[in-house]
Amino acid sequence: MTHELSLAGAAIASTALYYGLKRYKSECRVKIHGTETSIPSTRTLLNEHCPSLASPSLAFMVPTPYLPTGILQTAFCSLQTLKRDTLSDITYDRELLTTPDQGTVSLDWYAKHKKGPISIIMAGIGGSSYEYHIRCLVKALSNSGFRAVVMNHRGLGRTPLTSSKLYNAQDTSDFTQSLHHIRDTHPEAPIVGVAFSMGAMLLTKYMGETGSSSLLSAAIAVSCPFDLLLTGRQLDRDTFLNNNVFQPLVVASQLRVVKRNYDMIKSDPLNFDMDALLNAKRVSEIDTLVTARTLGFKDCWELYASGSTTGYVDRIRTPFLVINSMDDNVVPAYGLPIDKIENNPYTALALVKHGGHLGFFTGLKPRIWYLTPVVEFLTAAVPQGTPGKAKL
49 MTHELSLAGA
59 AIASTALYYG
69 LKRYKSECRV
79 KIHGTETSIP
89 STRTLLNEHC
99 PSLASPSLAF
109 MVPTPYLPTG
119 ILQTAFCSLQ
129 TLKRDTLSDI
139 TYDRELLTTP
149 DQGTVSLDWY
159 AKHKKGPISI
169 IMAGIGGSSY
179 EYHIRCLVKA
189 LSNSGFRAVV
199 MNHRGLGRTP
209 LTSSKLYNAQ
219 DTSDFTQSLH
229 HIRDTHPEAP
239 IVGVAFSMGA
249 MLLTKYMGET
259 GSSSLLSAAI
269 AVSCPFDLLL
279 TGRQLDRDTF
289 LNNNVFQPLV
299 VASQLRVVKR
309 NYDMIKSDPL
319 NFDMDALLNA
329 KRVSEIDTLV
339 TARTLGFKDC
349 WELYASGSTT
359 GYVDRIRTPF
369 LVINSMDDNV
379 VPAYGLPIDK
389 IENNPYTALA
399 LVKHGGHLGF
409 FTGLKPRIWY
419 LTPVVEFLTA
429 AVPQGTPGKA
439 KL
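For the numbering used here, add 48 to where a residue sits in the sequence shown, where the first one is 1.
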């Protein structure tokens, strides 16, 4: 009798575990927001060519078991920055581009000399081509027939700072110049774009500014902070993640740029308070001391209030995919312009339940989930024929 009871208990526990896991997986299904119209749309493109986002059997983002929350996903991503493995072990060829104000941005190329479409990539705030998730994406795209180039902003990724003007996510001029340079030097190649976090915000603004004249055939924004004021408030909150992970990492990255280029920044006519800048502990302090003043705002909060890219979504006229997570601690889901995305046939949003900010790790051995959707979408959207003309 005891043996039979044990078997019955094990059977009940196994059944409960099975249905519990099945229910959990169903909750991890990717939710797509986008309009399906009588004419081809980005949502149609996803349905027809992106099984990792639209297939009933494949469209799941089940987080790594020991990274089940947004906080853990985000923290884990931050700790992987310098990791090297077979998925990310690449070497770049660097090209320096001089801007009209004598500033410098760097273009880090991978597989530059092979044929195929070109993907231009931008990292988030303080980031560069050397981050793990950027290198993984570069290699995944290269393995799928793309040439990849990562644009490093002024002073980042050891790009020399040759002008006192620093990078900010509201000025698309450097990105626009980089795109024109790539188009002029590779006129035969379609260009697509992928950007992360603050880079994704800049990409969104460019797509809206240029509309149907965009030099990009398609673009993807990952963990995009459309509402900069909301994101700024989230980052400035007194939380464990902000105080011990995000703020120290981003501030340290920005202050390394300041220390390496102290004399150049100090020479700016705005006469920045260099002592206060070097002692800054929060991103908001740096933005108040430098970025806000550079753009003519009183402080960072006035700057952030003016920096929303939500209003640019309506004007996008090229296939544009947004990938965000509902548990993103930096970009809350309630700040996403879902209505605008759904009302524009050129835009779509893939929203997952657990991915954090720039995390999206899945599998027992963590791997980056969005690499497959990115490759599927860009491959489907690349034009056949005239560069710059998308399939939609």
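Quick caveat, the hints were computed from the structure, so don't treat them as lab data.
Hints are supplied without guarantee of correctness; some may be wrong.
Said to hold, decoys possible - Restraint-style ranges between C-beta atoms, simulated for each label pair:
{"no.": "1", "residue 1": "R132", "residue 2": "G164", "range": "38 to 46 Å"}
{"no.": "2", "residue 1": "L106", "residue 2": "M322", "range": "48 to 56 Å"}
{"no.": "3", "residue 1": "C76", "residue 2": "A428", "range": "18 to 26 Å"}
{"no.": "4", "residue 1": "R308", "residue 2": "P88", "range": "43 to 51 Å"}
Unchecked claim - Calculated lysine to aspartate or glutamate pairs in the EDC-like style (CA-CA distance at most 16 Å, straight line):
{"no.": "5", "residue 1": "K160", "residue 2": "D141"}
{"no.": "6", "residue 1": "K346", "residue 2": "D362"}
{"no.": "7", "residue 1": "K213", "residue 2": "D141"}
{"no.": "8", "residue 1": "K401", "residue 2": "E75"}
All residues carry an ideal CB built from backbone N, CA and C; glycine is no exception.
Against the structure, the hints come out as follows:
1. R132 / G164: 38 to 46 Å: For R132 and G164 the Cβ distance comes to about 25 Å; the hint is violated.
2. L106 / M322: 48 to 56 Å: Given about 53 Å between the Cβ atoms, the range holds.
3. C76 / A428: 18 to 26 Å: holds, 23 Å
4. R308 / P88: 43 to 51 Å: holds, 48 Å
5. K160 / D141: Answer holds: K160 to D141 is near 8 Å, not above 16 Å.
6. K346 / D362: Violated, because 29 Å separates the two Cα atoms, which is more than 16 Å.
7. K213 / D141: violated, 25 Å
8. K401 / E75: Given pair K401, E75 holds - Cα atoms ~7 Å apart, limit 16 Å.
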